[in-house]
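Same order as they appear, the protein sequences are chains A and B.
All residue numbers for the first sequence refer to our numbering, where the first residue is 1 and numbers rise by one.
All residue numbers for the second sequence refer to our numbering, where the first residue is 131 and numbers rise by one.
Calculated directly from the structure, the hints in this document are not laboratory data.
Even for Gly, the Cβ is constructed at its ideal location relative to N, Cα and C.
Hints should not be assumed to be uniformly reliable.
[Said to hold, decoys possible] Computed beta-carbon distance windows for the label pairs:
| hint | chain 1 | residue 1 | chain 2 | residue 2 | range |
| --- | --- | --- | --- | --- | --- |
| 1 | A | A100 | B | S242 | 44 to 54 Å |
| 2 | A | Q62 | B | I256 | 26 to 36 Å |
| 3 | B | K189 | A | R84 | 18 to 28 Å |
| 4 | B | G195 | A | G86 | 49 to 59 Å |
| 5 | B | D232 | A | L50 | 41 to 51 Å |
| 6 | B | E252 | A | N72 | 26 to 36 Å |
| 7 | B | D173 | A | N72 | 27 to 37 Å |
| 8 | B | E245 | A | Q62 | 38 to 48 Å |
| 9 | B | A231 | A | A90 | 45 to 55 Å |
| 10 | B | V226 | A | E66 | 22 to 32 Å |
[What the hints assert, rightly or not] One-sided excerpt, in silico: chain A residues whose CB lies under 10 Å from chain B:
| hint | residue |
| --- | --- |
| 11 | L3 |
| 12 | L6 |
| 13 | Y12 |
| 14 | H41 |
| 15 | D56 |
| 16 | A81 |
| 17 | R108 |
| 18 | G111 |
| 19 | G113 |
| 20 | G119 |
| 21 | A122 |
| 22 | L125 |
| 23 | V127 |
| 24 | G129 |
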Amino acid sequence: MKLAVLVNEGPYQHQAADSALQFTKAALEKGHEIFRVFFYHDGVHNGTRLGVPPQDDRNVTQQWSELAEKHNLDLVVCVAAAQRRGILDASEAKRHGKDADNIAPGFRISGLGQLIEAGIQAERLVVFGD
Amino acid sequence: MAEPWEEDEGPVKKFMYVNRKAPYGTIYALESLEVVLIAAAFDQDVSLAFLDDGVFQLKKGQDTGEIGVKNFSPTYRALEGYDIEKLYVEKESLEVRGLTADDLIVPVEVLSQDELSKLMDEQDVILSF
Chain A
1 MKLAVLVNEG
11 PYQHQAADSA
21 LQFTKAALEK
31 GHEIFRVFFY
41 HDGVHNGTRL
51 GVPPQDDRNV
61 TQQWSELAEK
71 HNLDLVVCVA
81 AAQRRGILDA
91 SEAKRHGKDA
101 DNIAPGFRIS
111 GLGQLIEAGI
121 QAERLVVFGD
Chain B
131 MAEPWEEDEG
141 PVKKFMYVNR
151 KAPYGTIYAL
161 ESLEVVLIAA
171 AFDQDVSLAF
181 LDDGVFQLKK
191 GQDTGEIGVK
201 NFSPTYRALE
211 GYDIEKLYVE
221 KESLEVRGLT
231 ADDLIVPVEV
241 LSQDELSKLM
251 DEQDVILSF
């Protein structure tokens, strides 16, 4: 089945972020297609490469990045939600005159239209939130 | 065989945006509205449902002056201009909060929990905020 995933909560703060990651892994293992994973609300924090969780804990962002590389996943961070919360790629940082970017490997920043398109194209849109 | 949403020019699916949270205190309501405004450009069948504390999003007379947050409730009045006219409010959620449709800033259709759940069953995509 062609699936899309929406992640509405940040990592470590909320189980929804872990559940979305585990669901996506399980779906891929079962042979399902993941059309896109879209990060919204505090979910955009899943896409920062600057997080340093304790060594004996899971690294949610790194797991997304590895999964994206292995399966050519499309991980999209909402630009409006990301700007509010300080998640920037190089071009966004430049555009807003910021001295750094922090988007993690495998993630890209784009608009909310990507979420609607995922809802249209996928057979199921699975929402992980509070 | 083509799925129902694949007929005609392009795919048209039934999208329902479910608003369950109070307008202030968390950002869910505001960012949900931002999704709805984008969704309007996609020529899909869009409806909004308000339940639980989400019914407060449509309450008349919101004044956020003292909390330093923008009052975005006038935006709900602008939805009609985006051809978003299907607004459903759950009857039980209104009642337990002492509200009626007259307390809301836009015209809505008040549905019972059973009616709303049937409507949810008919949707292709439900985004719950």
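Going down the list of hints, with the structure as the test:
no. : hint                          : verdict
1   : A:A100 <-> B:S242: 44 to 54 Å : holds (52 Å)
2   : A:Q62 <-> B:I256: 26 to 36 Å  : holds (31 Å)
3   : B:K189 <-> A:R84: 18 to 28 Å  : holds (25 Å)
4   : B:G195 <-> A:G86: 49 to 59 Å  : violated (27 Å)
5   : B:D232 <-> A:L50: 41 to 51 Å  : holds (50 Å)
6   : B:E252 <-> A:N72: 26 to 36 Å  : holds (34 Å)
7   : B:D173 <-> A:N72: 27 to 37 Å  : holds (29 Å)
8   : B:E245 <-> A:Q62: 38 to 48 Å  : holds (46 Å)
9   : B:A231 <-> A:A90: 45 to 55 Å  : holds (50 Å)
10  : B:V226 <-> A:E66: 22 to 32 Å  : violated (46 Å)
11  : L3                            : violated (12 Å)
12  : L6                            : holds (7 Å)
13  : Y12                           : violated (18 Å)
14  : H41                           : holds (6 Å)
15  : D56                           : violated (31 Å)
16  : A81                           : holds (6 Å)
17  : R108                          : violated (17 Å)
18  : G111                          : holds (7 Å)
19  : G113                          : holds (6 Å)
20  : G119                          : holds (4 Å)
21  : A122                          : holds (9 Å)
22  : L125                          : holds (5 Å)
23  : V127                          : holds (6 Å)
24  : G129                          : holds (7 Å)
Hints 4, 10, 11, 13, 15, 17 from the earlier list are contradicted by this structure; the remaining hints agree with it.
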